[in-house]
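Listed in order, the protein sequences are those of chains A and B. Residue 86 in numbering that gives the first Met the number 0 sits at position 87 of the first sequence, and the numbers go up by one each step. Residue 123 in numbering that gives the first Met the number 0 sits at position 124 of the second sequence, and the numbers go up by one each step.
FYI, nobody ran anything at the bench for these hints, they're computed from the structure. Take the hints with a grain of salt, since some may be wrong.
Unchecked claim - Here are the simulated EDC-like pairs of lysine to aspartate or glutamate, each with C-alpha atoms no more than 16 Å apart in a straight line: (1) A:LYS177 with B:GLU51; (2) A:LYS177 with B:GLU58; (3) A:LYS92 with A:GLU49; (4) A:LYS177 with A:GLU197; (5) A:LYS92 with A:ASP161; (6) A:LYS177 with A:GLU164; (7) A:LYS92 with A:GLU164; (8) A:LYS177 with B:GLU52; (9) A:LYS177 with A:ASP147; (10) A:LYS92 with A:GLU146; (11) A:LYS177 with B:GLU107; (12) A:LYS92 with A:GLU56; (13) A:LYS177 with B:GLU60; (14) A:LYS92 with A:GLU143; (15) A:LYS92 with A:ASP52.
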Amino acid sequence: MRPADPLDPLEQGLAEGLRSRDRATFELLVRRDGPVLLRMLRSLLQDEEEARDALQEAFLSAFQGAEGFRGESRVSTWLRRIAFHAGLMRLRKRQRRPERSLEELLPRFEEDGNFARPEPSWQDPLARVEARELRRLVRAALEELPEDYRAAIALRDLEQLDTREAASLLEITPGALKVRLHRARQALRALLAPRIGEALP
Amino acid sequence: MNCEHFRASIERCLREGLGPEAADFEAHARDCASCRQSYEAHREFCCRRFVEELDRFLEQELDPAGRALFELHLRRCPPCGDYLEGYGRTIEIAHLGCGGEAGPDCRELPEDLLRRILGGLGDPA
């Protein structure tokens with residue numbers, strides 16, 4: 000986690016404003032960090048209303064706990080962690096269709112290590128499947144992944160955070176994140192490939 | 000056959016067989032432990048290992064020897080070529096399908112949401 004720079008006057012001012020519960024500081028942070036946090040929550044939740052609710056909840060929670068902000072990270076990092084947590088809690092509470100077992104979506108191999116069955120392939124779907132339909136397919140497939148795997152894809156592939164940042168939000172090591180992301184991508188590939196094939200005109 | 004020739008022939012050997020050179024190839028593999036090891040490593044690089052190392056390949060984390068093995072398998076195994084293609088497409092599609100859309104309109108919060116958040120905070124002081 001990147002610590003607050005003691006020489007950065009803006010960061011110091013924000014930290015002091017937070018701790019003293021200064022209204023103008025709060026508003027500045029909502030305006031400055033709100034857009035990027037909303038985007039992250041959209042990626043994670045794939046639902047506009049839920050993302051907005053989670054953002055509101057996150058800012059409320061941040062402001063209520065502002066006096067406890069110790070400056071061990073930048074203010075933006077601290078807010079991102081709170082917003083991600085709010086999103087993850089919503090993801091966990093959500094009534095969803097049963098998650099697919101990840102194992103059944105991973106490739107299978109013969110004893111000699113070669114593919115046990117041909118994996119479905121696709122040809123240039125980006126050029127041929129309508130963007131809205133593609134979005135619907137991706138959302139539906141993400142919905143079927145276990146939440147920890149979905150969160151890994153949301154942070155790395157959708158939000159394009161680097162491994163260190165994403166691992167820190169998920170509270171796992173970078174190595175563990177890489178393994179999780181790799182499995183999640185394999186599963187997403189297995190879900191999407193046949194559906195994209197069906198959606199091709 | 001010397002070591003240089005042997006190593007240059009491994010790929011062809013695995014892909015097409017060696018024909019008349021097979022006896023020389025095998026003789027060198029018997030006599031040279033280092034070349035034998037290299038041949039075994041190439042031969043044992045299966046689809047499972049390809050899939051396991053795919054992410055490290057894309058992130059450019061494989062060392063030169065590991066990368067060479069990976070690329071050799073990629074050249075001689077069409078199903079793995081398809082798998083890699085689909086894997087790369089998945090990342091691209093996930094980003095374009097669901098991540099990219101949040102970009103351009105996201106420089107400012109929608110006004111109604113901004114009011115809702117600030118209004119919901121009450122008076123913090």
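Hints, one by one, checked against the model:
Under the criterion of a C-alpha separation no larger than 16 Å, the hint pairing LYS177 of chain A with GLU51 of chain B is consistent with the structure, at around 11 Å. Simply put, LYS177 of chain A and GLU58 of chain B have alpha-carbon atoms about 10 Å apart, close enough for the 16 Å limit, and the pair holds. Annotation: proposed proximity of LYS92 of chain A to GLU49 of chain A holds, straight-line Cα distance about 12 Å (limit 16 Å). Our distance criterion of 16 Å between C-alpha atoms is broken by LYS177 of chain A and GLU197 of chain A, whose separation comes to about 31 Å.
A C-alpha spacing of about 27 Å is found between LYS92 of chain A and ASP161 of chain A, which places the hinted pair above 16 Å, so the restraint is violated. With a C-alpha separation of about 12 Å, the suggested pairing of LYS177 of chain A with GLU164 of chain A holds against the 16 Å cut-off. As the CA atoms of LYS92 of chain A and GLU164 of chain A are separated by approximately 24 Å, the hinted pair breaks the 16 Å bound. For the suggested pair LYS177 of chain A and GLU52 of chain B, the alpha carbons sit about 11 Å apart, so the restraint of at most 16 Å is met.
With a C-alpha separation of about 12 Å, the suggested pairing of LYS177 of chain A with ASP147 of chain A holds against the 16 Å cut-off. Distance hint between LYS92 of chain A and GLU146 of chain A is fulfilled; the C-alpha atoms sit about 11 Å from each other, no more than 16 Å. Annotation: proposed proximity of LYS177 of chain A to GLU107 of chain B is violated, straight-line Cα distance about 32 Å (limit 16 Å). Distance hint between LYS92 of chain A and GLU56 of chain A is fulfilled; the C-alpha atoms sit about 15 Å from each other, no more than 16 Å.
Proposed proximity of LYS177 of chain A and GLU60 of chain B is supported: the alpha carbons are some 12 Å apart, at most 16 Å. Note on LYS92 of chain A and GLU143 of chain A: the hinted pairing holds, with a Cα-Cα distance of about 15 Å set against a maximum of 16 Å. Under the criterion of a C-alpha separation no larger than 16 Å, the hint pairing LYS92 of chain A with ASP52 of chain A is consistent with the structure, at around 14 Å.
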